[in-house]
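**Student:** Here is how the chains run, residue by residue.
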Amino acid sequence: MLELFSKGRAFAFFFLMLVLVVVYFMLRRAEKGKVPEIRRVAALDAIDEAVGRATELGKAVLVHMGYTDAGVRGEHAGAILAGMSIMAHVAEMCARLGTKITVAPAYPELLPYVHETVKSAYQRGGKLEEYKEDSVVFLGNQQWPWATGIMGTLEREKPGAHIGVGPYHGESLIVAESGARVGAITILGTHRKSQIPFFVAACDYALIGEECYAAGAYLSKDPAQIGSIAGQDWLKIITIALMVLGTIVTSLGSGVLSDLLKM
Amino acid sequence: MQQEESRVVSLDPAIWAAALMTIGIYSLGFKYNRFYKFCEFTLVGLGAGYAAVLAWDNIQRIGIRNIQTGKAYYIIPMVLGLMLYARYQPKLQWLSRYPLAMIVGIGTGIAVRGTVQADLVSQILGTMLPLFGSKDPLTYLNNLLVLILTVTGLVFFIFTIPTQRVKGGALMSRIGRLGLMIGMGALFAETVAGRYSFLVERVGFLLIQWLGLR
Amino acid sequence: MSIVYRRTIPLAITVVFLVLMVCEYFFASPVLKNVGLEMQSWAVLISAFAVGLGVITILRHHGMRIAKRSEDWPMSAWLMATMVLFMVLGIGFGQNNPMFKWIYDNVYGSLSSATYSILGLFITSAAFRAFRARNLDAAVLLIAGFIILMGATPTIAALWEGLRYLSGWVMDVPTAATGRVIVIGAALGLITLALRIIIAKETGFLGGGSGEAA
Amino acid sequence: MSKWIRSNSVAVIYAVLFLITALPILSPLGLPISIGPTTRKFASIIDSLKKDDIVFVDINFSPGSWAENGPQLAVIMKHLWTKGVKVLFFSLAVDGPQMYMKAIGQATPPPSLKYGVDWVYLGYLSGAETAAAAITKDTWSLVKSDYFGTPLQNLPIMQKIRTAEDAQLLIVVTSGEMSWMWVRQWYERYRKTYLLAPISIMVPSGAPYQQAGQIAAILAGSRGAAEYEVLIAKPGEGATVTDALTMQLLYLMCLIIIGNVIFYTQRKGRRTSATGGI
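Protein chains in written order, with the working numbering: chain A, 1 to 263; chain B, 1001 to 1214; chain C, 2001 to 2214; chain D, 3001 to 3278.
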């Protein structure tokens, strides 16, 4: 049985299956009407507020999805998709409120999706005539050109809200601090632990790791999606249990559990 | 930064170009201005041009060369790549979604598969450290602290289970949050020194190689 | 019908490739390994074609600005010129062309490293704002950060040896726990997101708005 | 005046930062530093090399990270020259050749050492991990001549080097992610010593490898280089960079203190959440 798996990856596979089963179960349960109560996530609530504030002030909104050189074909694809979900939500709000939106994706392959998302947001808001092709700008898919472009765009447009979720690398603080410099409410998030401290320090609100991934579900208010977040929470409990149990077993001098995990 | 003997301003146009561009970017720190805008537009233009050069290189190296060496099926990704441009033809727009859907699937797959082993299993393993034994007692205290802060940190992030209503839940969540604050402060400060060294390099370049001040 | 073409099929493609890449990682099958590797190089190839979309977006955006004589339109012309020049040099004459190399090293390279090193400025003003003891949490953030900053300062560390251990402890114990909490949470979040994509619950990324309007 | 400063506080902060950075570059201050345990370990491993041992050095960085990696490479070279070892330099980064030339300009080998006999530079090798695997498995199959175009058969040093099996040590001076790949390609495959000299922000990510013994020691950025310079009594650029760094960090700490004092005396200003809203 074990030889089916690549070396040292069997347990990880079963753990993945466990994650999927638990999440799916909780998702179904919520769909059937047992919707869990979700606590407020300040940074996510702030997205709507920030767009609202920008509208009141007659200012624009700038959205991006981070930067990574491999784009959506690489290991950060998940975070980029999470960023796309948030972008879709913001675009919809902007279309409804008549607020100018600028999206600056660093991934050329996503340009068609981004264009369509923004356009259909305006379409659904019945304001297709207000949609402008140039609300999607491309500043290149190279790190520093993109970062320089974001700095410049912020300075020129002086947006009221500056929102971005995705992978960020060395440019994270440049992006965050530039937003603060022009007085935009800056809400940025990433899953990369090395960059999160910069966002916590320099942004008005920071989305930390899992909050980025949960954003689409949270903002959609769709019961099934919120159910999936509940599944995620139960998995945290399972993880905690494994850690505590593992520590006890290891302390007693047994390697059973760690051998199992290394299987 | 080089120990150049001559104490005069450089006459090398390359150094001048590099120095002026550096100053242009730094000027943003003081005020947004047209010189910065010029530098920004130059960089964005060159960046896009460079991306195209790299892309062309990949098309040659992966696409054309593979086809030439007998892997004729590399026609398929080439056609898929061209399908992206269907987006400019309103009636065929849907075609451009297929290659995209494929890359998104591949990327998400790569993201998910790597995360289970590296971020879940090995992190759980990393927490499973003995709490007593024959080593320095401080080691065990630290092991315990890591365990406590990890557990409480995870509790802090729970979204749907009302931890506040469970006995001790509120306290755990509070400890977790404080632990996170320590980590954030430390991680931020940790990178400061690293970031400053790049500034030292550039300032050194301006003062020594360009102005010849040492 | 159009929904089938526009949404169902692309989603199915995404799911198929997602599952394929995950299986390739976990199962010891040479066939899967080869298919997986091949698919990754297909993805590189398709993304290379996508760069053209970016170039077209830039040409349209700035072309429009020039046509409309928008504010600062000569800058747009300059951006397009630098892009086209770099493309022509790099693709037409190769990346070893002396002119291409000169621009790459002295203009592109200088602008990039200047942008990177401007972090040194921004990290200062960000720290100035963020490290303020407004409340207990912020005070904890400040203290942890300050310890690490002192430890990173060679002269202070030379005055008091104990500081090296203290900052080492902050990094190894609370900060390690913070890293673990973030990584575990993000991993679970990512897998959950992938599942929502697989069962077509989260489709915001597909273009055309979030879930309900499928 | 004070009103002007308040409304341009950020610009003033930046201007002073520039001044503070420039000062030590123009005239080195020679501030005291303490030598950390990993720097000592790093140096002692090089110190324990015997005459004619073979060392592989990957010069794996670009001009942008010269401030950190340059002094490291220079001081490592200076130490290697004193040991009478044979050194094979190569680069898995495109800009490597430029960095090699600059470093060797600062760490000039003593006249007793001859290029091609005591050291050689193979230039940039493309292919990242594939190149790493190839150069360690069969050096001669990957390259036919050195960076300057001399065929390998005409280089005496190359007659002793065929694979990683011939070497005692790998040193990687890098600004990138390539360092973790070397754990697989060097330590895991050949079980030989691996020393890493990365930029300082990479040091935390390297700690687990060091704990596991996969990387024997890590020299942390320009500061590590400065410590190394003191340790082997060969002054160099590391000290200058470290002086500048010290000044910058002291300045930042002063700013933070001033910020807190202002905050507590005024208790007003822009209301933002103190901790990114978490």
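Don't take every hint at face value.
Stated by the list, open to error - Computed list of lysine-lysine pairs in DSS-like fashion (alpha-carbon distance at most 27 Å, straight line):
1) A/K262 with B/K1135
2) C/K2068 with A/K158
3) A/K132 with B/K1167
4) C/K2201 with A/K262
5) A/K59 with B/K1031
6) D/K3102 with D/K3234
7) D/K3041 with B/K1135
8) B/K1037 with A/K59
9) B/K1135 with A/K127
10) A/K59 with A/K127
11) A/K7 with D/K3144
12) C/K2101 with D/K3144
13) A/K221 with C/K2201
14) B/K1037 with C/K2068
15) B/K1037 with A/K132
16) C/K2201 with A/K32
17) A/K34 with C/K2201
18) A/K158 with A/K59
19) A/K100 with C/K2068
20) D/K3137 with A/K7
21) C/K2101 with B/K1037
22) D/K3051 with D/K3083
23) D/K3137 with D/K3160
24) A/K34 with B/K1167
25) D/K3192 with A/K262
26) D/K3144 with D/K3234
27) A/K59 with C/K2068
28) A/K34 with A/K59
29) D/K3234 with D/K3137
What the hints assert, rightly or not - Each pair of labels, with its calculated beta carbon distance range:
30) D/S3009 with A/I238: 22 to 28 Å
31) D/G3127 with C/L2020: 47 to 53 Å
32) B/S1027 with C/E2038: 27 to 33 Å
Hints were generated in silico from the structure; no laboratory data involved.
Computed from a prediction, not measured in an experiment: that's the story for all the values here.
Don't be surprised by glycine CBs; every beta carbon is placed ideally from N, CA and C.
**Student:** Within 27 Å, alpha carbon to alpha carbon, are A/K132 and B/K1167?
**Tutor:** Not satisfied, since the Cα-Cα distance of roughly 54 Å exceeds 27 Å.
**Student:** Mind checking the alpha carbons of A/K59 and B/K1031 for me, to see if they're no more than 27 Å apart?
**Tutor:** holds, 20 Å
**Student:** Tell me if the straight-line CA distance from A/K59 to A/K127 falls inside 27 Å.
**Tutor:** holds, 18 Å
**Student:** Could you grab the alpha-carbon distance between A/K262 and B/K1135 and see if it respects the 27 Å cut-off?
**Tutor:** Since the Cα atoms of A/K262 and B/K1135 sit roughly 24 Å apart, the hinted pair holds (cutoff 27 Å).
**Student:** Please verify whether A/K7 and D/K3144 have alpha carbons no more than 27 Å apart.
**Tutor:** Given that 27 Å is the threshold and the Cα spacing comes to 37 Å, the pair is violated.
**Student:** Can you confirm whether the C-alpha distance between D/K3051 and D/K3083 stays at or below 27 Å?
**Tutor:** The hint holds at about 6 Å.
**Student:** With a cut-off of 27 Å on the C-alpha distance, tell me whether D/K3041 and B/K1135 pass.
**Tutor:** The hint holds at about 23 Å.
**Student:** Taking 27 Å as the top limit, are the C-alpha atoms of C/K2201 and A/K32 close enough?
**Tutor:** OK: C/K2201 and A/K32 at ~15 Å, within 27 Å.
**Student:** Taking 27 Å as the top limit, are the C-alpha atoms of D/K3137 and D/K3160 close enough?
**Tutor:** With Cα atoms ~14 Å apart, D/K3137 and D/K3160 stay inside 27 Å; holds.
**Student:** Quick one, are D/K3144 and D/K3234 close enough, alpha carbons at most 27 Å?
**Tutor:** Violated: D/K3144 and D/K3234 sit about 35 Å apart, past 27 Å.
**Student:** Check the hint pairing A/K34 with B/K1167 against an upper bound of 27 Å on the C-alpha distance.
**Tutor:** holds, 24 Å
**Student:** Mind checking the alpha carbons of D/K3192 and A/K262 for me, to see if they're no more than 27 Å apart?
**Tutor:** holds, 25 Å
Against the hints set out earlier in the document, violations occur for numbers 3, 4, 9, 11, 26, 28, 29, 30, 31, 32.
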